Every structure is written in C-alpha cells, then in structure tokens.
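Take numbering that gives the first Met the number 0: the last position of the sequence shown gets the number 393, and nothing is skipped along the way.
These are computed hints drawn from the structure, not numbers from a lab. Remember, predicted model here, so these are calculated numbers, not experimental data. Honestly, I wouldn't trust all of these hints.
What the hints assert, rightly or not - In silico PhoX-like links for lysine-lysine, alpha-carbon gap of 25 Å or less:
id	residue 1	residue 2
1	Lys240	Lys324
2	Lys368	Lys317
3	Lys239	Lys254
Stated by the list, open to error - Between beta-carbon pairs, the in silico distance windows are:
id	residue 1	residue 2	range
4	Ile148	Asp307	34 to 42 Å
5	Ser120	Pro262	52 to 60 Å
6	Asp137	Arg19	48 to 56 Å
7	Glu375	Asn212	14 to 22 Å
8	Asn212	Ile148	44 to 52 Å
9	Lys390	Ile57	32 to 40 Å
Glycine included, C-beta positions come from ideal geometry on N, C-alpha and C.
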Amino acid sequence: MTNIRFRKEKISIQNIGRQRFWIGIVAGLISAISISLFFNQSRETLRLLTSMSADLLILKKNELLFFNYFFSMLSTVLGLSITIWIWMQNRKHNRRKDRIYKQLAITNALLIFWVILMIISRFGSVLPIILFGNAGFDNHLNLFDEFWILFVLLPIMIFLQSWFTVRLVYQSGKWIFFSLLFCIMTAFTLQLTTSVNQEILNSAYHQRFEKDNNYIDKEIKIAKEKYGVNYNEQTIEILKKQITESSMEQIARVKKAFSSDRPVSMDTIILQKIIIRNFKDGAWHYYRQNSIENWRYALPIDILRQIDNYERSSNQTKELFEILKEMIDLVNTPEIHWEEYQNYTETERRRSMGARYNIPDPLKEQLKKVRTRLLEDDRYSDFSNDLKAIKDRE
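With the hints as extra help, turn the sequences into a complete structure.
Okay, structure coming up:
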C-alpha cells in the first residue's frame, strides 16, 4: 500500500541539501552586498547630477541615517529572495503538491526580487532627475516626513512574502525567526560597510560657493556689530541657497520692498547688497528680451528714492550707496574667456555671463542717470565719488 504523507515536514538543511543550503546563503549575501553598493553609489551619482541644475539635495543627519538603514535592509531582504530561490530548487518532494508549491516559491522569489528592484530603481532615478534636479525645488516632496511608513513596511512585506510560499512546502517557524535576526544583523553590517560618506560630495559642493558664503557670513557679522541687525537662521539658510523657490521668493520680496514709497529697513538693505554681490538667480519674466522688467533686483531709481528718504549722514544712506556700487560693479564685470574659466569661481563666471547677456540696456541707462544725479548733488559728494563710471559693452 502506498504511504501518502499529508503533513508538511520541517525545513532543514537535510531537506534542502547541504550544498544547496550553503550556495543559497553565499549567493544571498553576495546579492545583498552588490545591491547595497549599487543603491548607495547610484544615490551619490544622482545627487551629483541634481547639483548641476539645482541646489544639491542635502539630507539631515536623521534622514540620512534612516534611508541608509532602509537601503541596507531592502538589500538584505532582496538577498533573502535569492537565497530562497536557490533553496526551493531541490528535487526532493515528500508530497504530491510539493513540486507545484516549490515552483510557486521560486516564481514568487524571482518576481519579488525583480519587481521591487525595478520599482526602486525607477522611482530612485525619476525623482532626482525630474523633481529634485529642477530649479526651484525646495523640499516640496519630503519623503522622510510624509511617507516614512512606506519605507518601513516595504522590507517587512518582502520578508514575509518571501517566506509565505515556503510555508506551503515546509514548517518554517524557527527558520523565519532566525532569518529575521540574520537579516537585521546583515543590514546593520551593510549600513556600516557599504554606505557612502555624503560629506565628500557636500564639501565639494560647498567649496563651489565658499567665497559667496564667506561674504554672506562677513556681512551678517558686520550688520550685527555695526547696526544691531540680527537675521534668523532660516533667512541666512535661504540666502545661501541658489535657485530654490524660497530663495527666489526672498529676492522678489526684497525688490518689492524697494519699490514701495515707504523707507526700507536696514536688514532689507543689507540683504539686497548681498544678493546683488552674489548675483543670485531670481525668477526671470522675459516679457521682452531687453526689458527692464527682467531685472530681478531693486531698480536704480528705487534706490535713489530710498536715499531721499533718509538723512545724508544715516547708516541707511551709506549702505544704499554700497548697493549702487555693487550694481555698477556687476554691470562692469569683465568678460571671462572660456580658456580662463578654471581660474574663476562659479559666481564670477555667472556674473560675467549675466553682465553680457542678462542685463537690459534700459537698466544701464537708468543706472547712468541715477549716478549722474548723485554726482551733481553736493550733499552726497563723500559717497558719490566712489561710484565708478558705467562701461558700454561692444
């Protein structure tokens, strides 16, 4: 009489096969390490690409640590899928349906592995290129604050789904528990060994704008010591950004303050001087190519009106003349030939290109008239003599 077994056997090395068992463990570890290295290196490459067209995406320490552990854990459970895929290929069947269930487990393991890898690779490349790499991005989509639970549930789902079909073949309670402990230990190890030090790219990026940021720090310190002006950390942080939405809004608000008939405050005057000196990018209107409306900063005529709002000996008057000096220096920025680009900073190159192509002729004419008006006014002789002549470009 045929002996038919209906009860599932416990999963064991003997049932899997000793050689197949160790091949599965080694293959899973190699897969986990390779995937973790791929994720981490790709993240840095994509961050580098975003810095070419937008502000570099820099995560806070807690966000960085969270995503490091997420990618390490994700790599580990994907490696587990490879391990189970190899284990379930043994030909020892104790029940009639074991062959079908094992084939289901093999298909399930491969499906999880490739689908999850495809989804992560797809979203991990599309978001930096389309969203994070666009000028104006200002953390509008905060994955850590808004969707952190998804990054916790995804590795858990993969782990449980990988073992789900195995349990159709074997009793595997203890193995699930021990594999969970092994995955956690492996994830911690991968986080320590395969994570990329993001400070290398961060430092290289900050070095591009080191001169600009040093100028900001110097002016902020002078404003506090000489005039008692204090800026909050958020204002300074936005001031050091390049083309985020908050940075462009800051530039627009400062320009709007100068266009008002009311006297502008000293903190706004200092901000305008820094913004012009660093030639910060704002929102261009492009109504007409050579329209004065394309000028992103305070108009010379508005600065002149603000000078009239203050006493000749006031600190505000002195700083308003400093703004005019910075504006004239910007207009007079000499052209940098491409062979000499490596000898200049990022901002110096941008100022050169901007002075050549992005300063409308009506702005230059207005600036000349304002300078002439101030030179003719004896009240401001101490300040106006420092205003250089505006040069005409060929």
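So which of those numbered hints doesn't the model satisfy? 4, 7, 8
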